[in-house]
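Chemist: If you want the building blocks of each chain, they are given just below.
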Amino acid sequence: MQAKEKVRVDIEHVSLAFGATQVLRDISLSIAPGEFFALLGPSGCGKSTLLRLIAGFNQAQAGHVLIDGADITRIPPWQRDIGMVFQNYALWPHMTVAQNVAFGLEERRLPRDVVARKTAAALELVGLQDFGKRRPNQLSGGQQQRVAVARTIAIEPKVLLLDEPLSNLDAQLRVHMRTELLALQRTLGITTIFVTHDQEEALSISDRVAVLDRGVIQQVGTPMDLFDRPLNRFIASFVGTINLLRGKVEKTAGGVVFDSPLLGRVSLTTDTPITGDAEIAFRPHMLSLAAPGSAATPGKVWVEGKVVHREFLGEFIRYRIDVQGTGIVADQPHYGGNVEFVPGSPVRVGIEPAQLRLLPG
Amino acid sequence: MTNRITPAHAAIALAIAIFLLLFLVIPVITVTYVAFTNSDGSLTLAHFFSFFQLTLMRESFYNSLYVGGMSVLLSSIISLPLAYFTMRFQFRGSVLIQTLGVLPLIMPPFVGAAAMQLLFGRSGSVNLLLNEYFGFSIPFMEGLNGVIFVEALHYFPFILLNLTVALANIDSAMEESAQNLGASGLRLFRRIVFPLAMPGYLAGAALVFLKVFDDVGTPLVLNVTNILAAQAYFRITTIGIDDPIGYVASVIMVIASLVALWGSTWLMRGKDYATLQRGGSSLAKRRLKPWQAVIAYGWIGLVLLVVLSPHLGILLLSFSRVWSYSIVPDVYTLDNYVTVFRDSSGMMANTLLYCGIAATLDVIIGTAIAYLILRTKLPGRQWLDFAASAAIAIPGVVLGIGYLRTFRDFQLPFTDEPFTAFWLIIAIAYTIRRLPYALRSCMAALQQMHVSLEEAAENLGANKNRTIYRVVVPLMAGGILAGFVTSFLTAAVELSATLMLVTAQSDAPMSYGIYLYMQSIAGRGPGAALGVIAVVLVGLGTYFSNRLIRSRAAGHETQILKTGV
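The listed protein sequences correspond, in order, to chains F and D.
Number 361 marks the last residue of the first sequence (our numbering); no jumps.
Number 926 marks the last residue of the second sequence (our numbering); no jumps.
The set of hints was computed from the structure by calculation and includes no laboratory data.
We put the CB at the ideal spot given by N, CA and C, even for glycine.
The reader is advised that the hints may include incorrect statements.
Stated by the list, open to error - Just the calculated beta-carbon pair ranges, DEER-fashion: (1) F:PRO42 x D:PRO556: 30 to 38 Å; (2) D:MET629 x F:LYS248: 18 to 26 Å; (3) D:SER750 x F:ASP130: 45 to 53 Å; (4) F:GLU200 x D:ARG648: 26 to 34 Å; (5) F:SER15 x D:ASN824: 26 to 34 Å; (6) D:PRO835 x F:ARG112: 15 to 23 Å.
My request is simple: use the sequences and hints to build the entire structure.
Modeler: See the structure below:
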C-alpha cells in the first residue's frame, strides 16, 4: 500500500437544511493535499452533517464539494472514492474481519488474488494480520476500530473521513489510537478530515482545525492559533478554559486602553479594529497569585480578591477567586513546597497586560 | 443516507398496494357497503334495525362482547402474577414463560376444546373426581363459561409475553428510586411497576380480545352458536350470500376489533415508557419469603397443569376408542391414527402448500414494506404499513365473506370454475391474515440494523441494490425467517377464514379436517389424532426454526445495535 497522489478538498458555499432546521450555513473550506484536518464543535453544530455531505450521504441545498477541482456534488456515495470510518465502526456482523475488509475491493470487481493481497496488506498495516477469520464481535473495541480503518484504507480512497473515530474507546486507548491514526495518515499521505467534539483530541493531532457552532464556521486555523488568538467569545470559551471581562475600548496614541470596573484602565499594545463595548479574555494559567501585602511585581495589574473554591487537578491547582463580585479562574502549577491558598483567604491576582486578548463585545 | 426515489421502489410499492387493495381493502369495503345498502343500491340503516330486532342477534352481540371481555379478564388474572413473579423475584420461570408463550401458537383453542369438555365438562374427569370425593361439581364448561375458559387458557400468553417484555424494558432505576423513596410490595407494583408496564399489558389485552372475537371454531366445537362470528358464518352459509344480516354482523365485528385495537393505542398515546437506557445493571431480583414461594410455585403449578390439560386431553383422546363418563379413556387404540393417515394425507399436503405460499408472500411483502418505510421517502409509504397492519383487526369470517361477495362473479380464465372455489383463494386469505406478524418481524429486524451498516457499504462502492443483496438481506435473515415461521405456523391452524372459503373436501387443509371430525362424537378420536399430528408438526417446525435462527444469530450479537449514535 503506497501513498497515492494527494488531493485537495474544497467546500464552496455549502448550505443544508433538514426541513425547517438550518444545519449548515454557507460553509466554505479549503483543505490542503495531505492535510490532517479537524472539524471541531459541540454536538449539534453540524460537523457530522458536513462530513456525511462530503461522503455523499447528505445532499446540500446549495454549494459544491470539489476534489482536486472536480465537482462531486452530484455523484452518488458509491462512486466517490472517499473512505469513511463510522463512529460506531459499522462492521458487518455477518462477515468475518477479512470479508469486511475485502468488501470494497470486491465491489470494485478486482481480481480475486488482488483482493486477497490488498486485504492482507490492509490488515497488516493496522496490526491485525492474524485476526482475519474472526468475527467483528470477537474483537475488542480498539481492534474493531482498526478493522474499520483497514476496511476503509484498503480501497485506497482519495480522501479519508473519520467520524468521531475515538469516541467509543476508553480514555487510555483513545490517546494511544489517536497517535496511531496520525502515524498511519502520515504514512499514506491521504488527505484526512476528522470530526470530533473533543477539543484536546482536535488540538493534539490536527494540522488545522475548523471550529463550527450552529452551522457556521467560527474560525479556521492551526491549533495554536485557535488557542492563542481566538476570534470570538465562542472560540475563546470552547477551546480551553478562559476568563472573560466586559469593558470599553478607547483608542489612544500608543494603542488602545481597555476600561473596566474591575481592572481600571489598562493599556494594551494591540492593533485592533474593535472599539466601544468589548471583552478581554485571559487564560487561567497566565495569572499570578500572591499573598496580600506581598511585593507587587511591576508591569502587572494587581487586583484584590478572595479564594472561593479550590480544585486539585494534579499538575496544577485551579482556584475560583471572587474579585469584587466577579468570578475569576486561576491555575497555579503544583509542586512540592508551593504556596497554597485555602478557600476564604484573601489573595492578590496579577494579570500581565500583554497576555490579555481583546474580543468584540 | 441518500434517499433518491427510484422507479423500482415505486413499482414494488404499487404492486403491493394493488395486492392489498384487491384482497383486503375492497373485500372489507364490499362487506361494509352491503351492510348499509338496499338491494337497489340506496343507502340504508334498515339492516341494522332488523339485526337488533332479532333476539338471537342481540344476544349474540352481547355474548360476543361478554366472552371477549371476560376472556381478557381471566387471561389477566392468570398472567399478572406469573409475569411479576418471574421478572422481579428469584424464580425459576423463564423457561416456563417461553414454553407457555409457544403453546397457543402450536395448538389453537378449537382443537383443545373437545378435550376440555372431556376433562372439565359436567361429566368430565375433574367433575367426576370432585363429585366422588366432595359431592359437588363446578360448571367450568357450561355455555359461555366454556368458551371463556378455553379461550383464556389459550390466549393468556399474549398478555403474559407482552407484559414480561414491558417489565424487562423498564429502567431498573425507576423501581429502585421508588424503593429508595419508601415504596414496596403492592404499592410499588400499583403505583410504579404496573403503570410503566401498561402499554405492554394493553397491547396484549387488545390482542386477546381480537383473537377471541375472531375465533369461530371454539364456540362451534363447544356447541355455542349465539355469538357473532358463528352467526355471520351460519347466515352466509345457510341463508345465502345475499343475506344482509350476515354482513351487519361482520361490520359489527370489524368495528369492535378496531375499537379494541385503536382504544389500546389511544389510551397509551404519548406514553411510550420504553425507557431502555441500558448499560446500568438490571434490577436485582428479590428473594421470595418461604410462604410467598409456596403461593407462587403453587399458582404456577396450577396454571401449568390447567394450561397443559387440553394438550394432554387431546393426546389421550387420540389414543382412545371410547371416552365418556370416565376419568380417563377405557380402551386404547392406534386406529385413529390409521384412519387419519388413510383419509387425510391430502389435507396435510394442502396445509403445507397453502401455508408455504402464504408465508413466502408474507415475508416478501413484509421485507419490501419494511424497506420502503424505513429506508426511503416514497410518498404514501405509511399507507402500505397501515393497510397491512390493519389486517389484524379483520376477523377471518369477515374476510372470507368479503372474498365470496367481491369475487362471486369472477371466473378463472380458461375454465368454468369460479375464482371463489379455487384453492389459491385460501392461500391468499392466509397471506393477508398473517401479514401483520411477518411485517412486524421484518420491521423489527430492519429497525435494529443501524443505517451506518448500509452507508459503509455504499461508501466502499456498493450501490443500493448491491447493498441490499450483500448487507441488508443477510442481516435481516433472522427476522425474515422468524416472520416466515410465525406466518406459516399460525396459518396452519387458521380456521375462521378457512371455514368460509373451503368449497371442496379435496381442497381442505388440516385445520378444516380437525374441525369436521370434531363435529361428531365418533370423529373426535381421529380429529384428536389429526390435531396431535398438527401440533407435532408445528412444534417441530418452531423448534428447528428457533435453532436455525439462534445458530445464525450466534455470530451476530452485534455491538453496533447498542452503540447507536
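Chemist: Compare the structure with each hint and give your call.
Modeler: Here is what the structure says about each hint:
1. F:PRO42 x D:PRO556: 30 to 38 Å: Holds, at about 36 Å.
2. D:MET629 x F:LYS248: 18 to 26 Å: violated (59 Å)
3. D:SER750 x F:ASP130: 45 to 53 Å: Because 49 Å falls inside the window, the suggested range holds.
4. F:GLU200 x D:ARG648: 26 to 34 Å: violated (47 Å)
5. F:SER15 x D:ASN824: 26 to 34 Å: At 27 Å between Cβs, range holds.
6. D:PRO835 x F:ARG112: 15 to 23 Å: holds (21 Å)
Violated hints, in rising order: 2, 4; the structure is consistent with all others.
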